[in-house]
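A.B. asks: As a plain string of letters, each chain reads:
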Amino acid sequence: MKTVIVATTLALGLLSQAAFADTLVVYSAGPKPLAMGLAKEFEAKTGIKVDMFQSTAGKIMARYQAEKANPQVDVMISAAWGDAITLDQAGELAAYASPESANVPAFLKTPTYVAQGAAALTMVYNTKSKMPAPTSWADLTKPEYRDQVTMPDPASSGSALTLMQGLVTKNGDAAWDLFAKLNANGMLVAGANAAALNPVLQGERSVVFGAVDYIAMGQKAKGESIEVIYPTDGTVLAPRPIMILKSSKRQDAAKQFVDFVMSDAGQKLVANVLLLPGRTDIPAKRPGFSELSIIEFDEVAGAANAAADKAKFATIMAK
Amino acid sequence: MYHRLNKSRLAPALWFTSLVTLVIIVGLPMIAIILFAVFPKINELSLTAPFSLLIPNLTDPRLSGAIANSLMLSASVTAVAALTALPLSLLRARMSKRQGQFWDVCFLIPFLIPPYIGSLAWMQLLQRNGFIEQLFGFHAGAMLYSFTGITLVMALNLFPLIYFSASRSLMVIGSRYGDIARVCGANPLSTFFRIDLPLVLPALVSSGLIVFILTIEEFGTPEILGRRFGFEVMVTAVHDKFTNWPVDLAGASVLCCVLILLAFLAYRGQQMIVAVYQTQVDANGFATAEPSTSVLLRLSTVGVFALVAIIAVALPLASVTASAFMDTMSGGLDRDNFSLRNMQTVFAPGSDAINAILTSLSLAIAAALLTALIGFLVAFTLVRLPSRGTAMLDFLSILPNSIPGMAVAVGLILTWNLPFWPVTPYNTLLILLLAYLCLMLPYPIRMLTTALRQLPTSLDHAAYVAGANEITVIRRILAPLLAPVAFAAGFIVFAISTRELVTSLMLSPPGVETVATFVFRQFDQGSMNVGMAMSLLTILLSAVVIGAGQRLAGRTFR
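Protein sequences, first through last, are from chains A and B. When you line the first sequence up against our numbering, it's residues 1 to 319, in that order. When you line the second sequence up against our numbering, it's residues 1 to 558, in that order.
Worth flagging that the hints you see were computed from the coordinates, not collected in a lab. A couple of the hints might just be wrong.
Claimed, not checked - Below, a list of computed lysine-lysine pairs in the DSSO-like style, where the Cα atoms sit at most 27 angstroms apart:
#: 1; chain 1: A; residue 1: Lys181; chain 2: A; residue 2: Lys128
#: 2; chain 1: A; residue 1: Lys268; chain 2: A; residue 2: Lys222
#: 3; chain 1: A; residue 1: Lys310; chain 2: B; residue 2: Lys97
#: 4; chain 1: B; residue 1: Lys41; chain 2: A; residue 2: Lys249
#: 5; chain 1: A; residue 1: Lys170; chain 2: A; residue 2: Lys312
#: 6; chain 1: A; residue 1: Lys68; chain 2: A; residue 2: Lys109
#: 7; chain 1: A; residue 1: Lys285; chain 2: A; residue 2: Lys128
#: 8; chain 1: A; residue 1: Lys246; chain 2: A; residue 2: Lys40
#: 9; chain 1: B; residue 1: Lys41; chain 2: A; residue 2: Lys246
#: 10; chain 1: A; residue 1: Lys68; chain 2: B; residue 2: Lys41
#: 11; chain 1: A; residue 1: Lys222; chain 2: A; residue 2: Lys130
#: 12; chain 1: A; residue 1: Lys249; chain 2: A; residue 2: Lys45
As the list claims (entries may be wrong) - Heads up, incomplete: computed chain A residues facing chain B, CB under 8 angstroms, no partners named:
#: 13; residue: Val25
#: 14; residue: Lys32
#: 15; residue: Lys59
#: 16; residue: Thr232
Glycine residues also receive a C-beta, built at the ideal position from the N, C-alpha and C atoms.
Required output: the full structure, derived from the provided sequences and hints.
C.D. replies: Structure representation (structure tokens):
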């Protein structure tokens, strides 16, 4: 028994020391190949080791909050702009304007966080279904799409929340009316992005209202019979903020990491996973800023209204 | 027993070891969560605004509906699972050894299928344009996305827990009492109600309690199936607070305290029932039942087992297998759509799959061995060395099952990320092992305490009279007798550990991938079918490990 205790203590000591080595700790939302690629190339370029924890936006925020007694993370990349707004308002982000971010559009950067990349919200259409292809959001209220539409729940998906608020900002009550009609047309609102996309891939339903475009394009590239359709009446971007935590004890390395992610090399990695790079001067491998009709709105104000908007949406959908 | 206890120096030591082990593994993270519910800023080591979140969270109108749904679902799942498991257990007790082992392995498979995979498999089978409709032209989407559907899917996943516990218990009881009853002229029906049922009831109730609490705690199935028809349970509500923007860990902790309370009530209920039916079989009873010789009975036994196995095992497994070999989801069940591409992706150079499998298998084996060992120690302390605080220890041992894995993960972070620990398992693989131990300990403890309660103390007393101490009694008498139960518990722990998802996602040190996190990432942003391929591989591999383990166990202990 004694030897077991001694051995365990030794093992514990060794393992924990390994974890305390001086490395940069980054928490990133998916996709994994991007997170891993950024970490690897940054290590090769600077010699600074990166401990990359990749998960969903919700889980990295939960981990960050739970760790506050002894903060571990230096840099976070979220998939939800709202996360950055919350942390910024709580005064937990360090200010840094990377020289590499000069070509990021003004609405995608603030003194404390900047969009590493962005996705656009689209309609995804199963080409094997015998429906006509939709062209605008409002098309999906037509009778031929009865019980054929899915939408990610704004309560679970930050990007769906952005879309809902963007449409409401642009169209006011007409947007709420659109959601009421979609609900009357049997639209399924269930879970996060994958829960909305999978039924369409499997042919149980035909169209996603508000899918994350780069994920769907990735599926199409793998041979799925789907089309990504940008609605003619405009869409919103779901920008992905990169931010340095004030609690980080490795501010210099953290700044270097942000510089790298926003550099030509880093932005090309972003483009490779079919995301829209944050910098407008980096060519996208998908429809870029100029080809999208983007609804811009004040996301900070949106964040303040989020709880009320989500509740209103839920009430409409419950009818 | 009491004389013995007073004189023994070992008894306090065993008590102390059990208590410390349980407190470290289970108690600390639970206390952290309860403290978090009371002090919403404790994650920043601040005690400001105590109790400020209790009222707003507890008066949330969504809460009462979620509690009602959770209780209703758990009660129905437990009832369906028990009604499925009980006849199977009775038949199992009359089987030949070889045949029994075959079905046992078969019914372990539902455990190996993670609930979220199982739910997705059923969706692919039954939904509109699902596999069944593609093959036979009808679908059952409306049934699947309903209370009935979710109850059946969960019960099919969980009934083996009751089956294993009840059939083991019936084997320990043996058939002598039933034979005596028959000799005295009882018909099979009254033998069942007067002899078998009361004797098997403690096992039934205590494993039923686990199923009840597991259903309350289960996340995957309500998340996947329940969301489709707006059915919210406690755990999905808690999970929303844990991971939906804006993250509200303290509010989620408040809801976890409600879950702990529910678990406590269920636990008290179980104790009251067991107290009435507390039984000990006498020492000569464990000769297992003679395999039945009636051809009719044997044929119908095979029929019943095969039917349950087809529904609970073969159908979901077939669905997973089909997906694993389909190139695209939209391609459907088309000859051209089948290939080995997903398997190749899993094994492609640079894929983390093999490391993930190795990580999961080693963690699961370590968890199985350690929980069986600790479970044995705790069971012995609880049953044979009862003293004040036994009930506390006992309840502590079931707590982790009552709250969502997400809460266990947050509790572990709060506990082990504190700046003052000189060394900490956090951010190493050990934190995952600790999480698995915390989540899995209830199984061996439940199963072993139940079995031990039914073992007569006369053998122990004989040994003590002959001068043995507790360690000798455990090693020479109880361990050999309880080994089959310990092994069964170990296999369950192994099976569940290989696919544990939620804590793995939260606690994996940077760069570490387990099977479940690999699969989850494929589902989230990759290819669902690659995820299914990986799941299939893991299910098969775990089945092989369990099969080999059972053979080994059979050779060592029989």
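A.B. asks: Indicate, hint by hint, whether the structure satisfies it.
C.D. replies: Against the structure, the hints come out as follows:
no.: 1; hint: A/Lys181 <-> A/Lys128; result: 25 angstroms, holds
no.: 2; hint: A/Lys268 <-> A/Lys222; result: 21 angstroms, holds
no.: 3; hint: A/Lys310 <-> B/Lys97; result: 58 angstroms, violated
no.: 4; hint: B/Lys41 <-> A/Lys249; result: 22 angstroms, holds
no.: 5; hint: A/Lys170 <-> A/Lys312; result: 17 angstroms, holds
no.: 6; hint: A/Lys68 <-> A/Lys109; result: 26 angstroms, holds
no.: 7; hint: A/Lys285 <-> A/Lys128; result: 25 angstroms, holds
no.: 8; hint: A/Lys246 <-> A/Lys40; result: 24 angstroms, holds
no.: 9; hint: B/Lys41 <-> A/Lys246; result: 18 angstroms, holds
no.: 10; hint: A/Lys68 <-> B/Lys41; result: 9 angstroms, holds
no.: 11; hint: A/Lys222 <-> A/Lys130; result: 22 angstroms, holds
no.: 12; hint: A/Lys249 <-> A/Lys45; result: 21 angstroms, holds
no.: 13; hint: Val25; result: 7 angstroms, holds
no.: 14; hint: Lys32; result: 5 angstroms, holds
no.: 15; hint: Lys59; result: 6 angstroms, holds
no.: 16; hint: Thr232; result: 25 angstroms, violated
The structure is inconsistent with the numbered hints 3 and 16, although it conforms to all the rest.
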